[in-house]
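Participant: Each chain, letter by letter, is given below.
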Amino acid sequence: MKQTLLSLSNLSKQFGGKTVLDGLDLEIYDGEFITLLGPSGCGKTTLLRLMAGFEHPDEGTITLAGENLTHTAPENRPLNTVFQHYALFPHMSVFDNVAYGLKMEKRPKDEIRQRVDEALAMVQLQDFARRKPHQLSGGQQQRVAIARAVVKRPRLLLLDEPLSALDYKLRRTMQVELKRLQRELGITFVFVTHDQEEALSMSDRVVVLKDGLVQQLGTPREVYERPANLFTARFVGETNFFPGTVESVQDGSITVDVFGLKRTLRRPDFPVQAEQSLHVLLRPEDIRVLDPDDENGVAGKIVERNYKGSTLDSVIHLADGTEVLASEFFDEDDPAFDYRLGEPVKVSWVDGWEWLLPEEASQRSEEELPADA
Amino acid sequence: MTKWLPRTYLTLVYLLLYVPIVVLVVFSFNESRTGYAWGGLSLRWYESLFNNRAMVTAMWNSLWLALSAATVSTVIGALTALALHRYRFRGKKLLNGMLFVVMMSPEIVLAISLLALFLLVGLQLGYVSLLLAHVTFCLPFVVITVMARLSGFDESLPEAARDLGASDFTMTRTVLIPVIMPALLAGWLLGFTLSLDDVVVSTFVSGPSYEILPLRIYSMVRVGLKPEVNALGTLLLVFSLVMLMLSQWILIRSKR
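Protein sequence lines correspond, in order, to chains P and F.
Using the working numbering, you'd call the opening residue of the first sequence number 1399 and step up by one each time.
Using the working numbering, you'd call the opening residue of the second sequence number 144 and step up by one each time.
Below, in silico cross-link-like pairs of lysine to aspartate or glutamate (EDC-like), each with a Cα-Cα straight-line distance of 20 angstroms or less:
{"#": "1", "chain 1": "P", "residue 1": "1416", "chain 2": "P", "residue 2": "1609"}
{"#": "2", "chain 1": "P", "residue 1": "1501", "chain 2": "P", "residue 2": "1515"}
{"#": "3", "chain 1": "P", "residue 1": "1530", "chain 2": "F", "residue 2": "297"}
{"#": "4", "chain 1": "P", "residue 1": "1504", "chain 2": "P", "residue 2": "1516"}
{"#": "5", "chain 1": "P", "residue 1": "1744", "chain 2": "P", "residue 2": "1692"}
{"#": "6", "chain 1": "P", "residue 1": "1501", "chain 2": "F", "residue 2": "302"}
{"#": "7", "chain 1": "P", "residue 1": "1699", "chain 2": "P", "residue 2": "1684"}
{"#": "8", "chain 1": "P", "residue 1": "1504", "chain 2": "F", "residue 2": "311"}
{"#": "9", "chain 1": "P", "residue 1": "1744", "chain 2": "P", "residue 2": "1718"}
{"#": "10", "chain 1": "P", "residue 1": "1608", "chain 2": "P", "residue 2": "1620"}
{"#": "11", "chain 1": "F", "residue 1": "369", "chain 2": "F", "residue 2": "174"}
{"#": "12", "chain 1": "P", "residue 1": "1501", "chain 2": "F", "residue 2": "311"}
Which chain P residues face chain F? A few, computed with CB under 10 angstroms, are given here:
{"#": "13", "residue": "1478"}
{"#": "14", "residue": "1479"}
{"#": "15", "residue": "1490"}
{"#": "16", "residue": "1500"}
{"#": "17", "residue": "1549"}
{"#": "18", "residue": "1558"}
Hints listed in this document are in silico derivations from the structure and should not be mistaken for laboratory results.
Cβ atoms here follow ideal geometry from the backbone N, Cα and C, with glycine treated the same way.
Bound conformation, chain F alone (with noise of 0.2 angstroms):
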């Protein structure tokens, strides 16, 4: 009694987590056109969508997209960690408020006043616009992540660093970087995700020249679901999986 009903519950919740993702993945492979009746084993849906050409055109945007956006707002969102970290300086509050303010303000207000502003300054929408706004919603997680490993930073390591002879740039380089790492690496991922999914603001700030695979997906599903929807989310779940145990990879390997 005492076993069986915990257990259950636990079940329960597991299904409800998963579920959804393992019909995905099994109908990603079935022969039949309805999303609801098997037909049969088959890859079918795997090829016709790596011969939908605006799909993968989207897939490969969307993927650079991700990757630019992830690295340019962890370089300047660990300076700017550093920063707050290491300095005192006028508006250090401010400037730390407003990083949760950009965190916790609605997307689609963040969206309006990103295109409000890119109109006013007569930026193009595409790349360089999608670009900038994605960066402007990864910088907080990435600087709050980065600000939680320095906080747990013993002070004294840059200065034994300096002790033994090494110069500012060569401490950060030799030892204030690699310390700080697995943060770096956590961020890069946080950011990599978040730009990879998001829907909101890239439909607001995406234009006709840079087609990116979340809107691709919504336009596709809004005129009816197609089987090919679920062979793209089987990949994307075993891209992201690889990318799971790829950053617990490093993470373990950093920490011996």
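Excised from the complex, chain P in its bound form (with noise of 0.2 angstroms):
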């Protein structure tokens, strides 16, 4: 059922002597919504411009349903953009914009007239036809662009970062609006994003990439539930890392020490054996505050308090210094549940919810990461 639709395999692309891509192998399927995540200067743009031709490889290959697009000019490949700042012809009516691609194959008028009319449809700008671009606003102007990128009906559409400059409620509405879309039209998405929010809410499937190297390719749970490594596992949302030494290891199990505590849990999928140090992560919401003088859990006290409407984010420093975000929903039993700064408290989680890794030859501390836009 799942069919490789591109197939992009060792690529490897250069610029001035820095390595943007080396030698990454990616497999596409038709009718997806496949998004490519990472931090600025990960190769995520490069990769994308090498699919559309802007940029041809240094190394490997790019095949489209069999027929290799390595070398081919873009105006030859069957896939349209839709670019970052949206790059609508300036002095085009909104029409002649969306006709554009249209008038290139030498369509007949009627046609022509026909299709635009339909994508505009599409996009609810039927009445914006005989504008210009500098007439409509910035998410009018999002969908002009993608209606010129869809009306002729490429196999696969590139996404360039295409709601970063809309503001925050526009971006969401935009986000709803290319998942159906996506779902009427059936072509597969390529979309780029560094907003990792953007990436698990939209995708079927999450590309992480870093220095030009894919670091995990999974569904957007995999990636948020079960991170490959550190990277993705600090990259994509909030991420609490307690340090773990294995006491022993059992057939289904191992006993980890955290903090004191001896937790049995989940034996992982790399090679453990005692002695080892690992990374027990937790993501905020999975973190159980306790009371302080209950038993199980880490002693630390409330640093800081946020509400967040839904939840109630907490900073929590335990006795060693480590800082632990917790993200609690509120209960209808006690809607006014809150902390004081610097009420002590007890950490803990539920069993089976924290997510083991191993340590990282080369780890690098602490990485900073571009903040979402």
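Both chains are given apart, each in its own frame, so use the hints to dock them into the complex.
Facilitator: Here you go:
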């Protein structure tokens, strides 16, 4: 059922001696919504530009439905791009912008008119056909750019951070609209973003990229709940990293010492042995904040509390200085639920909600990650 | 107190700018032969201007020269600007710098060196030498005008056109040129006016076979100020006003 549409194999690209892509392999399935996610400079935009044909790889091949496209000019590729800043032709009306691709194919006038009208109706801009791009709002320009790209019915649509210039609310609306379009058109979407929330909520699969290499490829749930390495864990969502030491290894489980707390956890996929150090990863929503006199849990005190509407987010300092982020939902039984700053608490988590990762050899300390735009 | 001072100042500045022009226009309709006494309204200087064959020929020569020099320098200048903008090549900085050298160097130096060059290669002084000279000093202005427009040009526009199926040539024709059109027009107009009123370079590189207007006026004024010159000045003024309005109109239209 899952057929490969676009196949990238061993792609390498350097710019002025700097390696941007390093032997990257990726299969994109027909009809899926796949997101390339990573910090700036991770190679995601270069990858997109290679697919579009604006750049050519130093090594490797790009195949679309069995046809080698590696050195095909952009105008001869059956895929279209939605650009970050829309790239609408300023001297043409909305109609002419959308019709441009069809005119290049030398389609008959009637067909062009009909297809452009359809495309504009699809993005709810049929009344704006005669306007010039500068007479439209950002969101409308974005929709014109999308209509212009899909009117040629490409096999694949490349979207280069198309929502980054929109404000938060509009971005939300466009996310929903893009998903709807993708379902209706059945076109494969390759979406580039550095916004992990956007990636998780829209994609069928997420490709996490760093330094020109795929860090993880999986469904949003896999990427969030079972990150393949520390980078993915840090980049996608907020994570608490607890240092753990393996006490003993059993058949399906291991006993780990975390802040002096002995917990029996599910045995991870990677090889483990006694005395080994590992990371216990816990998302803020996995953390349970307990009374200070509770027997389980690690002692700490509240140093910050943020009311977030649906959740209460708190920062807890443990005795050794470790910072713990906790996110708790409000309870109907206790609407006044809150913390005082400095309030002593204990921190724990529900068994089985943790995720274990081995220590990484070349571990760079706390990498700077760009804040979400 | 606080209001009349700036107003007076502004009025003085504008008087200084426009009084000479107004005087010229008014005296072009003066019946009297002397330039400083009013003798009644008349079109006689316009009549005598158009009966002056040498003057009319010089006028057409000048127009034709300005037209061709502006067009040639716009074509070469636009291509140069595109090359400087789009490609990386050896000597790019040098080429860029040399344009400024031509623009900044004293006109007299340019005039002498052009004359020396034309004599050296044995080119007869006339239309061709004038055209070459005028294109030379117009070129940097066109390049800079077009470059300024290109520097604000969204690089993803050509890519979007290619992405939608346009070849490089079609993209240039349907996207690039229309987008930089205002700059091309501005560059052309600049070249046109520069060429039309150039005296220094033209004095050196023109020959008896091709007399142009500024030089004709210059030689007329030397033997005494004839009121005909006022009429000519007025006509040139009207002409440049029309050109200015035309260019503004095109600019406004292109923005819509």
